Amino acid sequence: MSKEFLHGIILTLVTFMPLAGALLLLLFPRRDRDIRVFALVISLLTFGLSLHLPVYFQRHAAGFQYEVDKQWIASPNIHYHMGVDGISMWLILLTTFLTPLCVLISWTSVHDRVKEFFILLLILETALIGVFTALDLFLFYFFWESTLIPMALLIGMYGHGRKIYAAVKFFLFTMVASVFMLAAMLWLYAKTGSFDLLVIQNAIRDGKVEGFLIAAPWLFLGFFVAFAVKVPLFPVHTWLPDAHVEAPTAGSVLLAGVMLKMGTYGMMRFNLGLFPEQSHHNAPWIMVLALIGIVYGALVAMVQPNMKKLIAYSSISHLGFVVLGIFSFTAIGLAGAEFVMLAHGVSTGALFMLAGIIYERKHTYEIKDFGGLASPMPVYATFFLFIVLASVGLPMLNGFVGEFMTLTGAFQARAVYGIIAATGVIWSACYLLWMYQRVFYGKVTHPENNSLLDLSRREQLALWPTAVAALVMGVAPLLWLNIINPAVETLLPVSQMVSKVAGQ
Amino acid sequence: MISFAATALPQVIPQSSDYVRILPELVLAIFGMAVMALDPLLGDRATQKTLGAVGLLGTLAALGATAYMAQAPGLAFWDMIRVDTFSVFFHFVVITVAAITILTSHEYMAVQQLRAGEYYALILFGTLGMALMSSAVELVLIFIALEISSIATYILAGFRRRFAISGESSLKYFLLGSFATAFFLYGVALMFGATGSTNIQVIAHALGNGPIPVLAYAAAALMFVGVGFKVAAAPFHVWTPDVYEGAPAPIVGLMSTGPKAAAFAVLLRIVFEASVPGAFWLIWISAALSMTIGNIGALVQDNVKRLLAYSSIAHAGYLLVAFAAQPELGTSAAMFYTAAYAAMNVGAFAVVTHLASRDERYVTLEDYAGLGHRSPLLAATLTIFLLSLIGIPATGGFFAKFYVFSAALKANLVGLTIIGVLNSAVGAYYYLRIIVMMYMKESREEAPVAPVSLSLGVGLAVSVLLTLYLGILPGRVLDYADEGARQMLHPTEQAVSQVSP
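Protein chains in written order, with the numbering used here: chain S, 3 to 506; chain Y, -19 to 481.
Because the hints were derived from the structure by calculation, they are not lab data.
These figures come from a predicted structure and were not determined experimentally.
One thing to keep in mind: the hints can contain errors.
Chain Y is faced by these chain S residues, among others (derived, beta-carbon under 7 Å) [what the hints assert, rightly or not]:
1) 144
2) 147
3) 159
4) 178
In silico BS3-like pairs for lysine-lysine, Cα to Cα no more than 30 Å straight-line [as the list claims (entries may be wrong)]:
5) Y:390 with S:72
6) Y:152 with S:171
7) S:445 with S:171
8) S:364 with Y:421
9) S:445 with S:370
10) S:193 with Y:390
11) Y:390 with S:210
12) S:193 with S:210
13) S:117 with Y:421
14) S:117 with S:364
15) S:364 with S:171
16) S:72 with S:210
17) S:72 with S:117
18) S:171 with S:72
19) S:72 with S:193
20) S:445 with S:364
Ideal Cβ placement from N, Cα and C applies to all residues, glycine included.
With these hints in hand, go ahead and build the complete structure from the sequences.
Quick look at the structure:
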């Protein structure tokens, strides 16, 4: 197979490999072990294939790579257009990296309707990867909506507590919000005759879109609402704690690890990419919302009695950094935002796995039911501490790099934003370390916890990759940033040039 | 017709090409009569199966006949019938719907212990009427075709004879339906008064040149009442939930798709080809009302048949949005929508039919609890149809809505599009309720689901495949619809009526 040929189909392969696996799973007899092994093999194969992307990535070439552009439907003009740049490529890798871990962590915790579970998980993976590869607005929407159903079903079928409420709330929030995005896309198509992101981008830049100046604020909002709900930005975040608390572990991992990033990725790609001028214009209030998210998420996280809810609120806080970085319009802020997305994906994914592990043993997430766990479960406690430190932003671990960069960006944009946001770092140390203290240190408060089993080999296998990734990303962030930076810079000049033109 | 006088040599004897252009109708009529004749000739128990098979064969033969007819486009029977891509498209839709309905009915009739040969014959006759509605270009013939299809469905609606609710359904449908067709006929008469013809081409010509008589507005409104009833568009939708609740489940699947598709074909001809005056606002209001009333009504339903009845009102509303758009885009969007809606709705009712079991006992939402456990395949099938009805990507329902709304936006119908888009978000909720029931609730009693019979399985498979095909590779069907829209709006030389007013 020639390299050119492989480059042309690699994105298609990576995207649809899990779906093909899901279809094959349909034919499997209900022998749970075989199903789990097969799902693991498929997700590992997908990860292996996706490694092709960074290995052969042309660092200095501008624009999208590994592109495929085939006509899908002639009228309306919809293309099967895929491609990645430094922003989307790492998010694809994050997805393919987390999915095998999800399979491992669900090995025994899912014992009912196993087949359906792994089918849904693999379908979800395809949809998530598709979101990051699509360069056609329509294709993007297609994958965007496709993520909804498997996730809602995962929450509703395998969750606990008020799972149905959580699933329906999650579905409706996202669905209603993305309808506005669809309307904006349709408007753009009606005026440009194309769904192709690059074509529309050029048409807008050249001022060829009739009525654009009047419609632009609404179009910007249409996209922004859909993404803001997904992130979630304050005040449309209320679905997130519900969805997280009730979701099964693998669902939480993918939800926090990847799905939230769909929102911030969309902001980068579409809000900044298509409406740079509107983005500048709206940046102040968006950054304020992001700041509220950072502080509010952290404060609410601090008072949570429920471990999983605490992690969920910490996501709101962390994603606030991402939005802040994006709308700072500085190269360092944008690159930092991307890095926070990746780091948060790894560390929060790991945190949810850790929470899931203890839930499997105790069937509770309440912090008060634990205490002194470090003595019966030393390995678990060590992993937990490592990930908590990564999440808090300890230098040399992955959380630090991104937060530092976004804060720098925020300072450059407006110093006061940087100052307020910087308190978020303190808050996160407060709630995470306090939680850690209550769960692990001191004497064992509940005698029955003395008999808790430490991590099994399978669980360690699921956690090691995240710990290694957290360390490597913290020590050698340039491996990532070298590819991220050029991609982010292509976002910037456009934004600045257009805003200058508009300013005159 | 008046037009006779204008032609120099009126062609009195129909030619063979005339018969080719109604071949599917002829085939359906012959098979329908064959079913009627075979019923008494054959013995008792075995006949049900045989008659169903004959009926199915009839629809398959009619599909073949449609393909054959498509090779010979043109006018027939003194310009009363026009075969073009438009009418061929609708032939395929309604006949496929009939075929799936027959496949679904077979098991149903056995389970309900209904025994009646005329059941299949009536489906075939009804389909004949629907097919004819799409190729008729003469208002009186359209009226006759409408009646053929309606009368068959009136009877079919009352087929669960042992249940009062079915009789009520049939009677309601019949009384209100005849009332509505009377409106339509009145409209036709007024149109004749206004333009001097009942031929759509001639009407279009008369309305296009010269002042528009006030009478024509009244005629358009009255005809819209008639067709609006058939497609269950608000404010003429009141009958729908009651009739759907009482009628046999497979027949509801047919009623909500076949006659609707045919009636939309008629409406397309009236609105776009004849371009009757004043249609825009009638349709705008009716579309907005249907979407809103349908979706809000469906929110509070606990009976699945009633829920789907309200959903069908809402879908009629989405479809009507296309009628307010520009002719070409609107027509092709509406055509695609009818096809996609037919595939998903007839499939959904096939599942409802199967689950209803004896005496249609299990038709409430509660009865669907835990279906994901009890019958994973059936639950997955219904989920696909419901997702399509919501309008989730990769299903036909998504592209259907997509084309309609993008056509509307092209015509700058921003208000109507927003109403539609918001409505489809509301709509997601009640379809989701069924999915939630199936997968996330435990069933009260572990009532085992009867195994799916072969014929129903085939029917379901066909509907699922069509729904997914229209959702993943809609290109060919859409191209065909585009071509149909073009041919309807700008007939080619041979298809243009020779008559001039």
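For this session: Report holds or violated for the interface hint on residue 147 of chain S, using the least CB-CB distance to chain Y and a cut-off of 7 Å.
Result: 5 Å, holds
For this session: For the pair supplied as a hint, residue 193 of chain S and residue 210 of chain S, confirm whether the alpha-carbon distance does not exceed 30 Å.
Result: Holds, at roughly 9 Å.
For this session: Sort out whether residue 390 of chain Y lies within 30 Å of residue 193 of chain S, counting only the CA atoms.
Result: 8 Å, holds
For this session: Could you grab the alpha-carbon distance between residue 364 of chain S and residue 421 of chain Y and see if it respects the 30 Å cut-off?
Result: With Cα atoms ~24 Å apart, residue 364 of chain S and residue 421 of chain Y stay inside 30 Å; holds.
For this session: For the pair supplied as a hint, residue 171 of chain S and residue 72 of chain S, confirm whether the alpha-carbon distance does not exceed 30 Å.
Result: Status violated; Cα separation ~36 Å.
For this session: Under 7 Å, Cβ to Cβ, is where residue 178 of chain S needs to be relative to chain Y, so tell me if that hint holds or is violated.
Result: 4 Å, holds
Exercise. If you draw a straight line from the CA of residue 72 of chain S to the CA of residue 193 of chain S, is it 30 Å or shorter?
Worked result: 22 Å, holds
Problem set entry | Restraint status (C-alpha distance of residue 390 of chain Y to residue 72 of chain S at most 30 Å) | 25 Å, holds
Exercise. Can the hint on residue 144 of chain S be confirmed by a CB-to-CB distance to chain Y that is less than 7 Å?
Worked result: OK, holds: residue 144 of chain S within 7 Å of chain Y, min 4 Å.
Problem set entry | Status of the residue 159 of chain S interface restraint (C-beta, 7 Å, chain Y) | 5 Å, holds
For this session: For the pair we were handed, residue 72 of chain S and residue 210 of chain S, check the Cα-Cα distance against 30 Å.
Result: Satisfied, since the Cα-Cα distance of roughly 24 Å is no more than 30 Å.
Problem set entry | Pair hint residue 117 of chain S and residue 421 of chain Y, alpha-carbon separation not exceeding 30 Å | Given that 30 Å is the threshold and the Cα spacing comes to 18 Å, the pair holds.
Going down the numbered hints, you'll see the structure goes against 6, 7, 17, 18, while the others check out.
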